[in-house]
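> Protein chains in written order, with the working numbering: chain A, 12 to 217; chain B, 12 to 217; chain C, -12 to 228; chain D, 8 to 225; chain E, 8 to 225.
Just so you know, the hints here were simulated from the structure itself, not pulled from any lab data.
One or more hints might be untrue.
[Claimed, not checked] Derived BS3-like pairs: lysine-lysine, alpha-carbon spacing no greater than 27 Å straight-line:
id	chain 1	residue 1	chain 2	residue 2
1	C	K(-2)	D	K160
2	C	K5	C	K220
3	C	K(-2)	C	K220
4	E	K160	D	K160
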Amino acid sequence: MTMRVTNLSVSRGGRTLLEGVTFDVAAGQALILRGPNGLGKTTLLRSLAGLQRPEVGQVDLAEDDAVYAGHADGIKSTLTVRENITFWARVFGTSDIAAAISMFALDDLVDRAGGMLSAGQKRRLGLARLMVTGRKFWMLDEPTVSLDHASVAQFATMIRAHLAAGGSAIIATHIDLGLGDDAQVLDLSQFRATTPKLHASEEAFL
Amino acid sequence: MTMRVTNLSVSRGGRTLLEGVTFDVAAGQALILRGPNGLGKTTLLRSLAGLQRPEVGQVDLAEDDAVYAGHADGIKSTLTVRENITFWARVFGTSDIAAAISMFALDDLVDRAGGMLSAGQKRRLGLARLMVTGRKFWMLDEPTVSLDHASVAQFATMIRAHLAAGGSAIIATHIDLGLGDDAQVLDLSQFRATTPKLHASEEAFL
Amino acid sequence: MSLWQYANPVKFLHLSGKIVPLATVVSAVCLIAGLYWGYFLTPDDYKQGSTVKIIYIHVPSALVAINAWFMMLVASLIWLVRRHHVSVLASKAASHVGVVMTLIALITGALWGQPMWGTWWAWDPRLTSFLILFLFYLGYIALWAAIDNPDTAADLTSVLCIVGSVFAVLSRYAVNFWNQGLHQGASLSMDKAEHVSDVFYYPLLLSIAGFILLFVVLTLVGTRTEIRQRRAKALLARERG
Amino acid sequence: MIALLIRDLRLAMRAGGGFGLSLAFFLIVVVLVPFGVGPEMGLLSRIAPGILWVGALLACLLSLDRIFALDFEDGSLDLLATSPLPAEGIVTIKSLAHWLTTGLPLVLMAPVLGVLLGLPERGYYWIIVSLAVGTPALSVIGTFGAALTVGIKRGGLLLSLLVLPLYVPTLIYGAELARRGTQGMDTSTPLFMLAGITCAVTAMLPFASAAVLRINLR
Amino acid sequence: MIALLIRDLRLAMRAGGGFGLSLAFFLIVVVLVPFGVGPEMGLLSRIAPGILWVGALLACLLSLDRIFALDFEDGSLDLLATSPLPAEGIVTIKSLAHWLTTGLPLVLMAPVLGVLLGLPERGYYWIIVSLAVGTPALSVIGTFGAALTVGIKRGGLLLSLLVLPLYVPTLIYGAELARRGTQGMDTSTPLFMLAGITCAVTAMLPFASAAVLRINLR
Ligand code: HEM
Ligand SMILES: Nc1ncnc2c1ncn2[C@@H]1O[C@H](COP(=O)(O)OP(=O)(O)OP(=O)(O)O)[C@@H](O)[C@H]1O
Ligand SMILES: Nc1ncnc2c1ncn2[C@@H]1O[C@H](COP(=O)(O)OP(=O)(O)OP(=O)(O)O)[C@@H](O)[C@H]1O
Ligand SMILES: [Mg+2]
Ligand SMILES: [Mg+2]
């Protein structure tokens, strides 16, 4: 079961950013998206996750296979770490939160309120949440922001485990995750919109 | 004119995190703080910048020499990039914003609203703001988060220029900034609070 | 050769370009004739005195204000069903005209109320439901202004317009139940009891016609500007990307 | 579904969750009015039912933007959108949670505050009835408005402006019911209408809200 | 200083800046009251001055948490604290900006809304006077409350509760002034007291606010 993206072009604020984006990710594969700031990585990931309509082209992916983890971690500062993660587990209809918690060494923080976490701890919680969704395709936007080296390594192992279990991940990042050759790298610069295409609905006016 | 920190201990949420922190930073020097997530880097930096009272020990630094740039960039999403930066320039009584803007290649974004920037562009604006403060001591908390390689390099050059101009910087980061030997590295793990000290005000109850 | 072809912006521009000048002339004629006739060639009302002449502005504007909303409702439905940009942009343009008309009706009404009822404002059903209509217009326009993606804005405002219409009718009943008013009944209704006397009737008809045409003209012009703006944006985007 | 409900309730209960917010605001309005209008009990008790209803409605209006705004800002809403929950489910749960944390407390609080305004004996019963029947409509309608303004930065103002006219019928019948009841007049019509509005709105509007929410999250 | 003022005004003007917020809310209150209380003009015009004052005060109360909360959330306040501006300066500017964007519009809007409540002729003059004299006090006091609750997540509720009692004297004298004026009674005492409160508060309170702000940012 692979995800196939064909000739996709995405736009933000009326401007087309990327066009002709084409790739496919098979089960068990990871794809790393690279590109300078403001190129359109976040926009692309959101379109892949179905949070934004693509201009043209299509994304072949079962609606409820994808999960998106962006710059915001969706952590409630008044809920404890456990409550936060349990909630998402129940929403996605899974149950085993222990694995997720121990994976990111959150064990001794489980009863602390989300608002009392440090930047990196927050991010770790955000990543742990991914594991309880039970989704196959992970769209990760700069997942390792403000993580220390140990945690980055942990993240890599998590990804490997996920791939081994037949999952896939599409990761936009600026740093080297040390995934080695478990992941191909795709440089998005090649897709930067050159001939400025117009938003489909704008076309109608010409 | 150096900054001297002697036997400082900082606490957050009633728990002492670091104790006996001692170092000094001379003009033209940079200090890089390392340590795992949740160790207390942010807390320490805030104390150094005078945004939080240290437990014991003291910080010898002229009140209005320090500027702190934390996880939040203080960008107004409804103001344009130029308005954002001009405001800070005027608050700190400086005038030359051109240098700051061009340093981080914000030139073609100056008229875009702050809310319409990508993660990295926001952060670049946040850093550009440092240059217009005209302060000597920069306390930077994970300044390179979500910056691409080019911008990280830019950041390094900015720091070097700042040091060359007789300024100093204390930077908490997990990645390698490529400052080479312009900067000493201080691993804060050695200062981790061992004997669970109590917040001074708690002591009073014993 | 269906009528829908004019939903194409470009075609619409051509067609409306022809209509507008003609409609302008006609409405101008009607307005001038109607208002002149109304104001100078009719006697003062025996009990209302000359204040009655406000009717030539008040009633038409009120009528237009109300029917503008109906037109918006239809246009919004068309957008939601057939996704024709022109219709939703027309609705947007109409809302601007409508809100002004509502304001005119409110103000002329208030001016009229002072001599007639001895008060600027009364919580009479008609007046109240008009005030509510005014709020609906404001909300609709504000929502348009608040969203930067034009298509999202179109969808949301259309839904608002539909839901709003339902609630507008609802509150009309609510208000009637809440307070029995002192406001005139429908003066255009054909039964003689309600009917305002013919002297006022025909000039009134003229100026109503004039106002309606005026509404058409302004809406068309507004739509054209909206379309042009979108064109300009599109072309610009194509230029710099 | 249940998980979402529980979470929202829990969030509301926690410090700063705004559970008390609406109550406090209700209290404030009712306390301020006598200071503004003057102390004569005769006058106050005449306007008491109306003021109570207006206060409850305002309290409701102000708590609306918490329905989605918080989840939107911290990214939860994106996740919910990609989650298995249907949009209809989300909006229904949200309005239910809103009613439980806002409407219900208001209903229970109203009689207490009625004392401050010298509400006549018979009034207490009718205030409770009218609010109990009316507030669900307020929550559901409010959810629609909130869904419309999701993603608009600080859409609070716009939200209240959009919702205000939608609230009018409910307010009229509700207040009318309370007033007539208090004066011992016949209450069947307003009661019937109010109940009708609540039922109709609860049955229909969630679909509109869901549609709007989808548009906003796409 | 000026830069800060300009920025705050600009922020308020921009979309979603909440400039209209207070006005809209004022309008909402005034429009809702008749629906609640009933349409009789006699009754309405009697309570008009009071309602107008309460409405204005509520509108003010609601806009308070924007004074510092926004700057705190996005980290601007930390920077301002380390900036050369003295805390006294910051709070003064903040309350000035708040008055310009909230109090002033309310003053200008009040007579228009007075029409809806059938405010008697004489009332218009006095409503404007009383609000013009009173609202500055509201802004300054409000800034103090806002400074107290900086850093408390969603401190909105707490803020209103803290400020409410502080507002009572202003409200009493203000509303009294408006009412007496409207009824053509002698207005010297309340006018004098109201002016006194405003002057005193504006002279003293900023120092308290500054102190509190410093404590909160340390
Ligand atoms: C602010 C005050 C007023 C408002 C908002 C107002 C509003 C309206 C509205 C909405 C209509 C309905 C048009 C229609 O549905 O056909 C109308 C018609 C009319 N109004 Fe007023 N009105 C006001 C004051 C007055 C006053 C003071 C008078 C005269 C005593 C007056 C006389 C009429 C008449 C004669 C009509 C024509 C009836 C009809 O065509 O339905 N109005 N006004
Ligand atoms: N608001 C708070 N209240 C109480 N404790 C807190 C609060 N914020 C953070 N902490 C705790 O204080 C400790 C230090 O937090 P701090 O943010 O200084 O860590 P850090 O070194 O900056 O970590 P990171 O590298 O992830 O940013 C952490 O263990 C965290 O759990
Ligand atoms: N809300 C918005 N409205 C309009 N344009 C936006 C908005 N947000 C971002 N943009 C623009 O869209 C472009 C792509 O933004 P995006 O966040 O996808 O970049 P990115 O590749 O994720 O960059 P980064 O690596 O910094 O996160 C940027 O040029 C940005 O200026
Ligand atoms: Mg990004
Ligand atoms: Mg940190």
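> Run every hint past the structure and note whether it holds.
Now the hints, each set against the structure:
Distance check on the hinted pair: C/K(-2) and D/K160 sit about 37 Å apart at the alpha-carbon level, beyond 27 Å; violated. Of the pairs offered as hints, the one joining C/K5 and C/K220 holds, with about 24 Å between alpha carbons and a cut-off of 27 Å not exceeded. Simply put, C/K(-2) and C/K220 have alpha-carbon atoms about 19 Å apart, close enough for the 27 Å limit, and the pair holds. Taking the CA atoms of E/K160 and D/K160, the gap is about 18 Å. The hint holds against a cut of 27 Å.
Going down the numbered hints, you'll see the structure goes against just number 1.
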